Structure formats: structure tokens, C-alpha cells
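Chain R: place on chain Y using the hints.
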Amino acid sequence: MPPKIYVTGIGIISAIGLNVAENFNSLKTLKHGIGKLENFETVHSQTLPCGEIKLNNSQLAEILDISISPDFSRTALLGMIAAREALSNTGLTGSEKLNMGVISATTVGGMDRTEMLCRSITHENRNFIISHVCGDSTEKIADFLDITGFASTISTACSSSINSIMSGAEMIKNNLLDHVIAGGTDTLSKFTLNGFNSLMILDKNHNRPFDKQRNGLNLGEGAAFVVLESEDAVKGREDKILCELTGYANANDAFHQTASSDNGEGAFLAMSNAIEKSSLTVEDIDFINAHGTGTINNDLTEAIAIRRLFGEHDPLFSSTKPFTGHTLGAAGAIEAVFSILSLRNNMIFPNLNFSESMEEMPVTPVTKLMENVIIRNVLSNSFGFGGNDSSLIFSAV
Amino acid sequence: MSVFINGIGAITPQGCFPSEDFLKEMNVFEPGRMSVVEPQYSDFIGPVPLRRMSKIIKMGLTSALMCLNDAQVKKPGAIITATGLGSVEDTDKFLDNLIDDQESFLNPTPFIQSTHNAVAARIAIETGCRNYNMTYVHKNAAFEQALLDAILKINSGEFKNILLGGTEEITEDNYNLKKHVGFWKENVGNSELLKHNTSQGTIAGEGSVFFNLSFEKTGNSYAEVISTKTWYKLPSSLKEALKNFLVSVRLTTEDIDLVLLGINGNVEEDYIYDSAINELFKDTSIAWYKHLSGEYETSASFALLLAARLLKTQNIPEAIKLSNTPLKEVKNVLIYQQRFNRNHSFTLLSKC
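The listed protein sequences derive, respectively, from chains Y and R.
Start counting the first sequence at 1; every next residue gets the next number (our numbering).
Start counting the second sequence at 1001; every next residue gets the next number (our numbering).
No wet-lab data here; the hints were simulated from the structure.
Being a predicted model, the structure only gives us computed values, none of them experimental.
Hints are not guaranteed to be accurate.
As the list claims (entries may be wrong) - Taking lysine-lysine and the PhoX-like style, the derived pairs with C-alpha atoms no more than 25 Å apart in a straight line are:
hint: 1; chain 1: Y; residue 1: 97; chain 2: R; residue 2: 1233
hint: 2; chain 1: R; residue 1: 1160; chain 2: Y; residue 2: 97
hint: 3; chain 1: R; residue 1: 1239; chain 2: Y; residue 2: 277
Claimed, not checked - These stretches of chain Y come out as covered by chain R in the derived footprint (C-beta under 8 Å, 3 or more residues):
hint: 4; segment: 118-131
hint: 5; segment: 143-155
hint: 6; segment: 256-264
hint: 7; segment: 383-390
Said to hold, decoys possible - One-sided excerpt, in silico: chain R residues whose CB lies under 7 Å from chain Y:
hint: 8; residue: 1116
hint: 9; residue: 1132
hint: 10; residue: 1280
Backbone N, C-alpha and C define an ideal beta-carbon position, used for all residues, glycine too.
Just chain R, same shape as in the assembly:
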């Protein structure tokens, strides 16, 4: 069966989607972490629950509701979410309290909300969806593995539509903690990221992007998801793995009109993309996205948003172009991302 993206809802450092103005101009950030531009949550969530929710739950639930609204679906068939880190704010809050207060008089709310499936559960309660509810958490492959599950579930015919999303929050404390392991370029803003690609580290981000997938094409369909595959470690060469992936979807490198890469400015990682470009996609249009979303575990959901939207509108945002602007219609987009040469993922989308 075909799998169509029929709705998108997103809260990102580049603003919310759907929105006419999304990425007309790139939001430029000072050095540090890239935070999402938050919507008016009270437009979506009642005042009482809203007060108790941490940022990740607010973001996740609101973007999910935006997505259902965009797809004109009231109740999703099933809910599949992805998050690498889960509820950072609530986890840290509970941990700090238990250390500071010597394990006594602890408020349970942050603990309750600290589970990785808190967003998926909240959406189920809010939409009354009692069906399949799953949460994938495998680092930067979490979103693609959730997408794979969604594709399989659509293909099985078990559900008419699936709500799929990737959500991550970053807090100041978590940002500071990761300085110890050299995760960030602390003095580089997002617009300067590529200029500093000879040094270690990248730029931190966050976001929540939800998709409504179905085997039925609608007037609002963005694109068709053809396939996704993750490799924990590549079997042989990247070139072989990519070629085999394209063979599995009956395409060749010439069929790919645009390649969206997870380049993040980190000298320890970006060389891997160079080999893909040089060996397979020398003349293909190359784009990137992590300077718009920041680096975070489920940022592949942001890439999927970009790919789906550009396949629908045929409008490639200036900010993502890296080389070789396509001269003709964009029919097939390949998304490729990895981190530290692990958890490589290939995702193919087509115009529908």
C-alpha cells in the first residue's frame, strides 16, 4: 500500500507549521541553544492541564493537535512517537529535588511526566485514541524507526491513519551538561555553522513535528513516503548501502532530485556526508537542515517536514540549499542522516 503524508503540525526553532510564512526567512540565533518559537498553547490546551505540563508535553500535544487539524482527522487510528531524550525538564527537576532534599517530600508530578511515552500517552487521552500507542527512543534513529513502524502498520491495513511524531526538548541545564563532552560549538550561531565546520561540536536544537499518515490520498496530501531504513553500523561502504537502498525501492541515483543531508558542522561527523556526495550525488541538488532545527535526536522529523513540504509546493527554501539547484520538478527526495558514524538512516519521499 502507498503511505501518504496528509497532515503536518510542527513547533520548531523556525516557527510553527502549517504557516504561510514558514521559512520565508530563516530565524537566526545567537550562539547557544536554538529554542522553538512557541505557539499560544492555550489555543489548544485547557488552562488547568496546561499549568502542569512541561515543555515537551505542551509542544508534543500541541503539534499533534495542529497536525490532526491540518489533516482534518479528529481521532487518530494509532499513535507512534519518537524521542531520544524524553522529558528532560521533568527528569532533571525530579532528580535535582531528590538530591537537594535528601530523598524526602518529593512532588510526584515531574516523575509521572518523566516517562518517555508521556507525550504519546497525553495525545491518547486528549484524542480518546485507545489503539496502538508506541514510543521509540533509539538515539538519532528513533524517529525513522517510528516511521518504519507506521509504514508497516499502514501496510497491514490495521489502521486507516497514524499519527507519528518526533519530539525533543533541550533545557539550559542539559545544554550545559553536554558541554562537558564537547557536543557544542559554544560561540557559533546557526547562520555561521558551516563556516566553522573544521572544529568539533555542533549547535543544539529542539522541536516537535507530527505527521498524519494514511493509505488514502487526500486534497491536502504533501508527499508519499516510499521507504525508510536504519543501519546501526553500515555493513560495508556507505556507497553500497545507499545503492542497495535505492535498488530496494527500484530507483537509481539519477532518479533522486534532491538529497537532504544531516550535516551539522561537526568536523568529526560531516566527512561521512562528503563521501556520499562525491561518490554518488556529485551532480544532484544537495540541501541541509540542521542549521534550521539545531541538532537533536529526532531532528529527522524536521527533515521529513522540509522534504514533504517542498515536494508539495516545489518551493525549495533558500536557507536549505547547499549546491546544484534542481532545474526540473522535484519528484524524489532522499534524506540521509547519521551521528558519529552510527545510526545511519535513509528515507525516501516522492511527489504524490
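Excised from the complex, chain Y in its bound form:
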């Protein structure tokens, strides 16, 4: 038997809530967080809706009870809030005595400050140059939680934080760490907003994954972390166990830098390898939290890959992107938290805005909140640029 990996803590901040309870409540009451941008100036603020957290950086810093300089990245602030919450559930503190690590993920890093300050560098704000790199937000999280031993950062576009959770699991499996805070954080920025806009894959309306009329994604921001622990590490604290991470896999589509292959090969491999690793079968998967961004390309190929793997009897699936927007490097971890909430509460959060199936692959996601569904195993997908495809499986204990 391979060693078990348990989840003992979750933490999240997104456009639908500042913590787990608020996010759960929004999901249950179908309250989405997509709307007009308010926190930074951009020519697109009226035309490109986003999943924005309606607090400015000073207000986020207040939540953390810290004072910040103008060059302090929002990516780090969001990450610190979610990571602190995840750890607070576990009864652990980040102490030198524990063999604990933090593995974060981000795609923009400190870009929110760089794009604002790069043409007006002063002695007072110049530290944005240092905090631009992805690893900097991870170190701010580690310092804030007093984690000294291991700090690592992964960046594989939109699958980044599912991969950091995977990396954390490997560290535990190989006895290199006992406790890992793993997840990701990404802030909205002009850089990513214009990037996705230049690719012409942003929906000017509220995104509608898997729908025939889908017309692109809405960007979002947020952070989420899970605390992973080894079987030995949770001894005596079994009441803290939320679920088990039973399967995980990463594969590559090896097809195109941004588009996925026609038959969704990478997605198919990620899902099937994760199921194989978990020693489960496709019949055991009760629900899929799909990547479902709302783009023409992603949703079709993901549906094709699901159909290839699961046959005509599609499992229950839905995308929560209409709630939060696509939070890029944080998406995998945010949806891992949502998957765990589904599993723990026997609830499926619906795929908002769906009305009509895609012609090429007529699949139907869950469109209404489902309660009292027995969920033993949830599969969560995240796919990214560069054909980077990953899946996680969380199982009830």
C-alpha cells in the first residue's frame, strides 16, 4: 500500500468570499462574483467582466494585521490570507520544530506592482523589482507563517496550483516533509487581462462553460491552499482529517502552445493516470470539478476527453468558473477546495449559465445545486497553456 496523504486544512479567498465559510455560502446560494473591475485602472474595466475581490490592498493588509509599502504585491497578500486560514484549521503552527514546507504557485507573481511602477521607479518603491519574481510571494507566505525549512514555487500557467499540490504529495510520499501547505495565488493584472484579450478568448458577458453559446472566459483572482499531511503526522489529530488525496497526475498535450488537441489527449492522460494512481476505476468517480473555462476550445476538448474516458455514461460534472472567473495560477487550488467542500457536504455546486449542449459533443453539466448526493471520490481538472494538464482525486475517509 502506498502511504496515505491526508488533507487537514483548507483556506481560500476569491471573488465569492474571503474565507472558506463565505465561499461555501456563495456556492450554496448561487451567488457569483463576476462584475466590473474596480481595483485598478484599465481601459477594459467597463467591457471585460472579471471575478475581482472587492477589497483594495490596504484592506487586505488589514485582514492580515500587517502594514505594507506600495510595492507589496497583491499576489502575496491573497496567498497569505488563504494559507493562514488553511493552516489555522489543522491545529499546527509553522514552527521550526515541524518538518513543514510551503509549495505555492503563481503565474503573474508581482506583475501587478511592476506594471504600475515600472515607469516611475523611486527609491521608496524600487523593491517591486525584487518582488516581481514568482518565488517572492511564496517567501512572504513562508515568512508570515514562520515556515523556514522548505519553500518552493511552481508555474505552469493555468494548471500551476494543482501541480503544487501534486508536488506537495510527492514530498510527503517520499518522506521529505511531514506537512505541506500547497496551493496557489494570482492577482488580476493589466498584463493578464490584456494578454487573454489579445488572444480573443475573453467573454464580454458572464462566462458559460460547456454551453453551445459559450464565448470565452472571464478572468478572476484569488488564492487557495490545502494542508497535506502524512499518515504519521496526523496521528493523534485524526479529527482534523478532511479527506484523502488518493490520485494525481500531470500529462502534456504536446500539441500547441495555447490550443488543446482535437481528441483532448493531454486531458485524457491526466484524468486516466490520476484514476490509475488512486487504484480506483472510472465507475468510482462520483463527480468531476471540470476545468471548464468557457472557451470554445477548452470545453469541447475536455468534454471529448471525459467522454473518451468515461464512455456514454458521463459522470456528474460542473465548472465553477462562472462563480469565480478563471483564477489562473490559483484555479487548481481554488477548485481543489471546492471539490473538498463537495465531498465533505455531499453537495454539487452547479455549472451556472448553461442552457444548451454543444453540438459537437453534447454533454450536460449539473445545472442546479444538488444536495445529499453521496460523493466518495471527486476528480478535479486544471489545464494550462503549453498543454499542461493535471488532475487530482480527493476521496472521503
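Leaving out everything else, chain R in the frame of chain Y:
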């Protein structure tokens, strides 16, 4: 399982590797940034994709293909890359355009290529490798964490071989930006770096070094990777951490024949290495490398290249020697680097 380095491909400020002439003589640079000596990319990449690629992707892909060629592997089992900064050129290009053109009429190509996993993705497409594909980006520990992942993946038996690389590019703009935070010694060339080690700053570099790792030893094997470990912050003293690392691989300080250190001439950082030398490795041969590669986030990949090559050839380049030339065969090499007393890493290689 043992992990062997069976192939290397590198594009560095000291030229490309494999090459007979690599480091026969050190390339000397004027003050400023140390750029890589670029190969004929068209020998490796078709003209159409080549036109669209930024330097980091060209370097990364080409050095990866050189490495596979050296290892005589067509398709890697998995791909793991490291980069601290990612695609600087494309990121800056897209950012400049969006500021200058007030967020309109933007060309998406630099944005597409700006993701940190662009090199790993490009290699996957080029080699048709659909397996595990990962990119580590944690500052100067990124490469060692990628190496650790590769070791774990080889040990799991999941993949027969892994293509592992560290890639970084530096642009003139990025170099100039970092002047604001005192990163560089602006008036010092690489051959003079140590003479100026009482002042702040170091010398900028870049490069791309790829390795093919496998549990199978071949006729081309360079060295065996025994272990690597990163510390975000040291738990107690450096001495204790190093000793514990050696205990974990069942060695003592006397077993180490050569220590390769990340000394970079910065007065704010180099004192840390002094304590390692003075307390543990007083009589051991000490070497350094950052005057050859320049300082960059994944320059530990350059150190691994040097260590692997010297274990294979037993030829220690003059340019890296700092003190106590080894009198006997070099069997074990320890690489130790850190930056600003954070992200310390220990990597041990042995002759195979």
C-alpha cells in the same frame, strides 16, 4: 535506485557543450552582463518556428535537443524545467506594448510565450513527449527543486529517463532595471570579480543547461547524482546543516574531494561561504563558477555541468580552481550555493 547523468547540452557564456574546447580557456567579458555564446539555432529548429521564438525558448529548446543527442535519447520520458524569471524578453515586450499603446492592438505572441513553462512546453511539442511536464520557479532554488523532482521520479521507476534543465535569459532592460536595487558591479568584468569582493553586487549572466537522467548507466554517463537538498532558511548553523546532509548520504567531510561554491563576489553574500570553508572544508579543494556563468537564478545548472564533466574527465578547469588542488582522483563533489542567506542548496555528485 541510482541516478546517472547520461547526457548534457548547454548554451552558456562560456560557449556550448558538448564541445572539446569547453573551458579550455575562460571567456572574458567586459563589465556589464554576460551573454551566452549562441549556437547556430537553425541547425536545430526550423526557420518558421525559429522566427517567432524569443531567446529563452531558442536557448532552452536547442540545449535540450543537444542534450538528448548527447545521451542518444530520441524522446524523453518526462520533462522538468527550472527558471527563476521565465520569459523576460517576451514579458517585457508585451508589458511595454500595453503601456505604450494604451492596452490596444496587442500582438498575442509575446504573451503566449511569456509563461514560465514555455520552454518545457516547446520541448514537449518538439519531441512528442506527452508525459509529466513540470516547471519550478523558486528563485535560485528552482533548479535544485527540479533536480529533486527528477530524482524522485527516477526512483519511482515511472520513467526510464528524464530531461531536466535550467534556463534563464537576461535582457539589457532587465539588467538596467536591477541596477536600481544594487544587483550589479557595473564596472567589473568577470575575470576581476574576486578582486572586487569587498563591495556590493555581482555580475549578471544567463544560460541554459539540460541533463538527461536515468537509472541506467551508459557508456556516456558523466556522474551519479546522489542527493540534493534545499533549505529556505537554514535551521541552525550552516555547519550543522551541511554535516546532516553528508550524514544523510553516509559521507563525512573527508570524503568530499571538491567543493563547488556559488561565490559571486558580493560582499553581502560571500561571507556565508567563508564559514563553510573555514569550519568544514579547510583542507578540501574549493572551486567556484559564477565568474564563468554570471549570476542568474538557475546558474546551479551550470555548476552541475561543471561537476559532472570533471567527475567524468578528472580534468578540473583552471578557471574554477580557488584553493587546494586535489592530489588524487575526484570521487565526490559537493555543490553549495545560496543567495542572500536564503534558498541554500546542497547537491552531491559522485564518479560513476
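Hints, one by one, checked against the model:
1. 97(Y) <-> 1233(R): holds, 13 Å
2. 1160(R) <-> 97(Y): violated, 37 Å
3. 1239(R) <-> 277(Y): Roughly 40 Å between the alpha carbons, so the hint for residue 1239(R) and residue 277(Y) is violated.
4. 118-131: holds (count 7)
5. 143-155: holds (count 9)
6. 256-264: Since three or more residues must qualify, the claim that chain R covers the segment 256-264 of chain Y holds, with 3 doing so at under 8 Å.
7. 383-390: holds (count 5)
8. 1116: holds, 4 Å
9. 1132: Because about 5 Å separates residue 1132(R) from the closest Cβ in chain Y, which is inside the 7 Å limit, the hint holds.
10. 1280: With a closest approach of 21 Å, the residue 1280(R) hint is violated.
Going down the numbered hints, you'll see the structure goes against 2, 3, 10, while the others check out.
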